[in-house]
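Visitor: Just need the whole structure built from these sequences, with the hints factored in.
Residue numbers (UniProt numbering), protein chains in the order written: chain W, 1 to 320; chain Y, 1 to 320; chain C, 1 to 345; chain B, 1 to 345.
Worth flagging that the hints you see were computed from the coordinates, not collected in a lab.
Be careful, since some hints might not be right.
What the hints assert, rightly or not - No farther apart than 35 Å at their CA atoms in a straight line, the calculated lysine-lysine pairs in the DSBU-like style are these:
#1 B/37 to Y/40
#2 B/37 to B/272
#3 C/178 to B/178
#4 C/178 to B/272
#5 B/18 to B/119
#6 W/44 to C/55
#7 Y/37 to B/55
#8 B/272 to Y/44
#9 C/119 to Y/14
#10 C/55 to C/37
#11 B/18 to B/272
#12 Y/189 to C/119
#13 Y/40 to Y/189
#14 W/44 to W/14
#15 W/179 to W/189
#16 Y/44 to C/178
#17 Y/308 to Y/44
#18 C/55 to W/40
#19 B/178 to W/37
#20 W/44 to W/179
#21 B/119 to W/14
#22 W/37 to W/176
#23 W/308 to W/44
#24 B/46 to Y/37
#25 Y/37 to B/37
#26 Y/14 to C/178
#27 C/119 to C/70
#28 Y/308 to Y/179
Claimed, not checked - Pairwise CB distance ranges (calculated):
#29 C/320 to W/184: 45 to 51 Å
#30 B/328 to Y/192: 38 to 44 Å
#31 C/321 to B/328: 55 to 61 Å
#32 B/263 to Y/103: 46 to 52 Å
#33 W/243 to B/149: 54 to 60 Å
#34 Y/221 to W/243: 33 to 39 Å
#35 W/280 to Y/192: 28 to 34 Å
This one's a predicted model, so the numbers in the text were calculated from it and none came from an experiment.
Even glycine gets a Cβ: it sits at the ideal position worked out from N, Cα and C.
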Amino acid sequence: MITYLEAIREAQAKALADDPRVYIYGQDVGQFGGAFKATKGLAKEYPGRVLDAPISEDAIIGSAIGAAIEGMRPIIEMQFADFSTVGFNQIVNQAATLHWRTQIPCPITIRLPSGGTAGAGPFHSQSMEALYAHYPGLVVMTPATVEDAYSMLLEAVAIDDPVIFCEHKYLYYHLKAEKLPTEAVPTGKARIARQGRDATIVTYSAMLHESLACAEELASEGWEIEVIDLRTIKPLDTDTVLASVARTGRLLAVGEAWPWGGVTAEVIARVATEGFALLDAPPMRLNAKDTPVPFHPNLWGTHRPTAKTIAVALRRLLSA
Amino acid sequence: MITYLEAIREAQAKALADDPRVYIYGQDVGQFGGAFKATKGLAKEYPGRVLDAPISEDAIIGSAIGAAIEGMRPIIEMQFADFSTVGFNQIVNQAATLHWRTQIPCPITIRLPSGGTAGAGPFHSQSMEALYAHYPGLVVMTPATVEDAYSMLLEAVAIDDPVIFCEHKYLYYHLKAEKLPTEAVPTGKARIARQGRDATIVTYSAMLHESLACAEELASEGWEIEVIDLRTIKPLDTDTVLASVARTGRLLAVGEAWPWGGVTAEVIARVATEGFALLDAPPMRLNAKDTPVPFHPNLWGTHRPTAKTIAVALRRLLSA
Amino acid sequence: MVQATAVSTASADTSDLKARFLTAFRWMLLARVVEEKLAALYRGGKITGGVFLGKGQEALSVATAMALRKGDVFAPLIRDQAGRLAFGETLLDCTRTYMGSRLGPMRGRDGNVHRGRPKEGLMAMISHLGAMLPVVAGTLLARRFRGVEGTVGAVNLGDGATSTGAFHEGLNLAAVEKLPLVLVVANNQYAYSTPTSRQFACEDLVDKAVGYGVAGHSVDGTNLEACLDVLDRAVTAARTGGGPQLVIASLLRLVGHGEHDDAGYVDPALRKSPLGADCLELAEQRLLHENWTTSSALHEMQQDAQRQVEEAVATTLREPLPDPDTEDWCPLATRHLCEGGYSPT
Amino acid sequence: MVQATAVSTASADTSDLKARFLTAFRWMLLARVVEEKLAALYRGGKITGGVFLGKGQEALSVATAMALRKGDVFAPLIRDQAGRLAFGETLLDCTRTYMGSRLGPMRGRDGNVHRGRPKEGLMAMISHLGAMLPVVAGTLLARRFRGVEGTVGAVNLGDGATSTGAFHEGLNLAAVEKLPLVLVVANNQYAYSTPTSRQFACEDLVDKAVGYGVAGHSVDGTNLEACLDVLDRAVTAARTGGGPQLVIASLLRLVGHGEHDDAGYVDPALRKSPLGADCLELAEQRLLHENWTTSSALHEMQQDAQRQVEEAVATTLREPLPDPDTEDWCPLATRHLCEGGYSPT
Ligand SMILES: Cc1ncc(C[n+]2csc(CCOP(=O)(O)OP(=O)(O)O)c2C)c(N)n1
Ligand SMILES: Cc1ncc(C[n+]2csc(CCOP(=O)(O)OP(=O)(O)O)c2C)c(N)n1
Ligand SMILES: [Mg+2]
Ligand SMILES: [Mg+2]
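Guide: Here it is as structure tokens:
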């Protein structure tokens, strides 16, 4: 069995092994193996290619862009996604515009340990994918499975553009698979994680598993819920979403991020504008609450959607 | 006649005059009067209360938060909205969470000279409202008229929460009014800028004027287009939008920001989820193109929506 | 005459030092005891999230807070349990925040070291390192605007935080405005697992002072008297118009970064070096050596600290936890502008 | 013998200096001429957007570029027309970018000083001050990874940019990695309208060097020989393993921040001080004084520069402007991942 976190480690090991242009840079990623151990042992296996960085997110990302200009393919670990706010400018203004301005590709991968876990609080729990998706010039990946964590990270490193790789901390240890995949769905394609005919849930990252649990529960009542894992939220695979809504006629978009804007708004806006006639009922969305992510598990458990609250929404949708 | 820019200056003058807790801080805002002259003469009129800042957006905003904790009501001028990326962390993580964490209000106003003008290029043209609206804890204003520039800025200073005040540079000199208003629509309420019955355009900031021009053009063909100026995009006045769509049955959301996420996605998501039955045709949206904002006027003119491209979209909507 | 004065001053100094040293020691001890309790609660699974302790940094922390007065501003960081107590934070604020009591200052919204009471001058840190520095600068700017004089703001940071843009921008802004700000850097040799050799290249962090145009001070962070002395001097200099003061303390973090971390990366040579000394043990030895206290008084202090801590924990355990149903899900002070309705549950 | 060698070295030095001085002067002159042309075009409404000139900073700028070699990296900023030319940027790259020619390196996507050819070592700046510093550090890190030795990266910034977090983080990172980076700060006394007294509080910006553990150099930015000399030393030190070098040049911006700005805020005393001298005039006087050139040769140089500039502008004026219909509206290198379709027009 291999965990989501180990898959991320293995993908990085493979990237280092296969491509001399790859290096890893971030706080404590070296001998220590990273705050979450995503780079465990790599500094030893690949001497000089896994470097500890100072607490300088702006410079870390800026330097990766410079290295990319020179043909390297850096993997940057932010210790938590939340700290990428400090490197925000280099990401959205320097990395995201480099190719458009100069025709030089910017193949950097920025790993963002994302999303909520119990007791992590407002500054170690954020889901920042919408911010990066809004800016032109970035690819934003949100892997929800062990297999995707592995193959999408390899893809991220291979792609000639800056990739924001939102890996979910909640999935790090809990999510396990038999083995690593040898094939992968192409980047930018969503995956039907569960087939159904009564309604479509469109989701991504940790919310996939809450959605699947909810679908399972409703299955016992005879409902067949289709669950789509977006995998990459930019580009967003509208075709797969529309095809599913064409089959089910009902749409619920679920995300762990805040309610204003973001993935659920974008999904609903696309379906409403391009697939209006496919909808048999008003589409619905479910997000986290519009407050910072609370520390205490009692609050956190209510702040984000769960299988239970998704089920409440879904029942409303099914009866609409 | 008073311009949109002068209205902003006058509002600041009034805020300084009325409330000793107000001060202004930003690069070149002192003797020089600011890059756009929005603080012209204020340093002289209010000695010691209009201070030049170093090129330190993070510290500028951080210091404003500290001053707010002590009961001050700072007005911060970013030289361009685009540079707020460097102060992003203090805005979204410190200012936006302060009240929620500590119950201390954070009455700071951050003025962001926003949006595109000819020849300004990718780093002096950005519309960043969606980023700030996504984070909980901020009020995001996008005044589109001289009157609103004045009264909303006064409101921004009066409100006990951090306000991101997106003032549009394109409107600075061109937009004029007879006189300053003495009354104002309440914060958080949208305004019906033009009444109509055939379709609703929901928009804000500079795009209001493109939309009004488009409505005017279509009026000559007998179409009556309702145009809603959101004024504040967070909170977003869904009620006014829904009421309009209830009358017209047709919705076009127009924004100058990038297409992924943002105001147009949020507006359409809200109408689709809460007012689905009101729609007689699929809603539509129009945004800037998904690239950085180009420098050359030839490109810039096509990058953002204009009365002409809005009209194209609207004709499609009307015939749907 | 002159000599007599000198002698009497010296003895006044000594009795003053004794009093301050003893006060400081009590806070340090209380901090050590509550932190040991927190660690035990953590190991027992009673605390969700991280536990971050200040073992080895109590002398510096307490000295900072003791140099401050009521009305001053203090922005503690991760390892400032001792300073928090000395500044006036109650044990309950600590235990309630760690354990998520609804009655704590953060009401379960934020945890562990992310607590404070800004109204009382105790800033509540966000996690982003360096970010509290410009905030404290802003509080001092506000006081200048309001004509409040003679107050000081102290900000504590680690060696790693000196690499942040916020450190630089904040200290520079404070220097330009000549604010009464004292920036205390605990150079504890590591930022999480990262040694200083990967964090900065200057010989000594105090070399940064001149580049900002601020006064620089160095201190042995394991030595309580030195800390009390240097912090007092730095705070007084700030209070009397000397502008920002940068204090660099050398010491070693004697625990992991958090309680999840065994700190296996720490160089054993450092542990054995003078930097690796335990400031609390040294202070205790000094107390005994100077006859400022007795073993039995020390024992009583320890017992008393334990009692206080047990009581705070017991109280906290009886208190209500946050309740999502009655929780106010509004992030704004201006309630009617909240958008909660758009997050259906 | 010893003396003879010394003499012959001295004369070799002199003829070397003469050659370098003359080369530098030509670039400075060409920069001045093209900038005057840009200003005229701006006044004539022929340039959309801002025009940002480097009058008074040509000596420093050219000296930086001339100390570099092919294969080195150069990140010029706002006022580096002279250095750009010396580093190999063509006049056409300049005029095309300002005037938006589709054939320019930025193809109308970005304008004025936001241009470069990163493949050729010439970075294309973004506007955010300080942001190019860590990028150049990254190029040097890459060279280390790739085993490329002996190349240097130079970054030019203004006094105002020293207040940015990016400056601090970037210089610190370069110092930790001991990269061959030369950071040249043109202290031209103002950041837009803001005097240095509102920007920093250190006595001299060079005092920052020690706090980063890097070498510091000071130079009179109005004196071409001094600039050539100091930049050569700094670049050589970086190239030979000396780690980052911080060069602080003192001078005055002799134009507005941009051509829209009359710089009325500049202290007249500064204008009259040695800082206010025009480095190009001083260099010309030196050339004549040393008999390194003649008035008529100078006149010819001027004519030649004018000819080159007029030709570049004329060529540019004949060239196609960007065309929105054929413009490639895809920001990604990986074309099939572009989302253009969701922005209906
Ligand atoms: C901007 C930012 N980046 C990364 C982190 C993650 N982080 C938390 S503590 C820490 C190490 C801090 O080291 P130091 O400043 O020396 O303080 P110490 O823990 O040694 O007391 C890091 C990297 C953070 N909190 N903020
Ligand atoms: C982060 C950031 N904030 C603000 C600006 C706006 N701005 C452009 S140039 C400038 C002044 C720069 O001064 P300095 O660094 O001294 O360079 P100089 O113009 O004097 O050459 C400012 C404030 C910017 N470009 N980037
Ligand atoms: Mg440390
Ligand atoms: Mg300058």
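Visitor: For each hint, tell me whether it holds in the structure or not.
Guide: Each hint tested on the structure:
Proximity of residue 37 of chain B to residue 40 of chain Y is assessed by CA-CA distance (about 31 Å); at most 35 Å being required, the pair is judged to hold. For the hint linking residue 37 of chain B to residue 272 of chain B, the alpha-carbon distance of about 26 Å falls within 35 Å, and the restraint holds. In summary, the hint linking residue 178 of chain C to residue 178 of chain B is supported, as the alpha carbons are separated by about 33 Å, within the 35 Å threshold. Proposed proximity of residue 178 of chain C and residue 272 of chain B is supported: the alpha carbons are some 30 Å apart, at most 35 Å.
Note on residue 18 of chain B and residue 119 of chain B: the hinted pairing holds, with a Cα-Cα distance of about 32 Å set against a maximum of 35 Å. Taking the CA atoms of residue 44 of chain W and residue 55 of chain C, the gap is near 31 Å; set against the 35 Å cutoff, the hint holds. For a cut-off of 35 Å, the pair hint linking residue 37 of chain Y to residue 55 of chain B stands: about 25 Å separates their Cα positions. Between residue 272 of chain B and residue 44 of chain Y the alpha-carbon distance is near 27 Å, which keeps this suggested pair within the 35 Å criterion.
Annotation: proposed proximity of residue 119 of chain C to residue 14 of chain Y holds, straight-line Cα distance about 28 Å (limit 35 Å). For the proposed pair residue 55 of chain C and residue 37 of chain C, the alpha carbon gap of about 13 Å is at most 35 Å, so the pair holds. For the hint linking residue 18 of chain B to residue 272 of chain B, the alpha-carbon distance of about 29 Å falls within 35 Å, and the restraint holds. For the given pair, residue 189 of chain Y sits about 33 Å from residue 119 of chain C by alpha-carbon distance, which is consistent with the 35 Å threshold.
Taking the CA atoms of residue 40 of chain Y and residue 189 of chain Y, the gap is near 30 Å; set against the 35 Å cutoff, the hint holds. Taking the CA atoms of residue 44 of chain W and residue 14 of chain W, the gap is near 14 Å; set against the 35 Å cutoff, the hint holds. Of the supplied pair hints, the one linking residue 179 of chain W and residue 189 of chain W holds, its CA atoms being roughly 22 Å apart against a limit of 35 Å. For the hint pairing residue 44 of chain Y with residue 178 of chain C, the CA-to-CA distance comes to about 22 Å; that is within 35 Å, so the pair holds.
Of the supplied pair hints, the one linking residue 308 of chain Y and residue 44 of chain Y is violated, its CA atoms being roughly 44 Å apart against a limit of 35 Å. Among the hinted pairs, residue 55 of chain C with residue 40 of chain W is consistent with the structure: their alpha-carbon atoms are about 27 Å apart, no more than 35 Å. Under the criterion of a C-alpha separation no larger than 35 Å, the hint pairing residue 178 of chain B with residue 37 of chain W is consistent with the structure, at around 27 Å. The suggested pairing of residue 44 of chain W with residue 179 of chain W holds, with an alpha-carbon distance near 24 Å, which does not exceed 35 Å.
Our distance criterion of 35 Å between C-alpha atoms is met by residue 119 of chain B and residue 14 of chain W, whose separation comes to about 28 Å. About 16 Å separates the Cα atoms of residue 37 of chain W and residue 176 of chain W, which keeps this hinted pair within 35 Å; it holds. Among the hinted pairs, residue 308 of chain W with residue 44 of chain W is inconsistent with the structure: their alpha-carbon atoms are about 44 Å apart, more than 35 Å. Between residue 46 of chain B and residue 37 of chain Y the alpha-carbon distance is near 24 Å, which keeps this suggested pair within the 35 Å criterion.
Between residue 37 of chain Y and residue 37 of chain B the CA atoms are separated by roughly 28 Å; this keeps the pair inside 35 Å, and the hint holds. Distance restraint check for residue 14 of chain Y and residue 178 of chain C: the Cα-Cα separation of roughly 29 Å lies within the 35 Å cut-off, and the hinted pair is therefore satisfied. Distance hint between residue 119 of chain C and residue 70 of chain C is fulfilled; the C-alpha atoms sit about 12 Å from each other, no more than 35 Å. Restraint check for residue 308 of chain Y and residue 179 of chain Y: the C-alpha separation of about 30 Å stays at or below 35 Å, so the hint holds.
Against the hinted window of 45 to 51 Å, the Cβ-Cβ separation of residue 320 of chain C and residue 184 of chain W comes to about 49 Å, which satisfies the hint. For the pair residue 328 of chain B and residue 192 of chain Y, the supplied restraint of 38 to 44 Å holds, since their beta-carbon distance comes to about 40 Å. Hint check: residue 321 of chain C to residue 328 of chain B, Cβ distance near 57 Å, so the stated range 55 to 61 Å holds. Taking 46 to 52 Å as the suggested C-beta distance range, the pair residue 263 of chain B and residue 103 of chain Y conforms, at roughly 48 Å.
Taking the beta carbon of each, residue 243 of chain W and residue 149 of chain B are about 55 Å apart, inside 54 to 60 Å as hinted. Checked against the hint of 33 to 39 Å, the pair residue 221 of chain Y and residue 243 of chain W passes, with Cβ atoms roughly 37 Å apart. The hint said 28 to 34 Å for the Cβ distance between residue 280 of chain W and residue 192 of chain Y, and at roughly 32 Å that hint holds.
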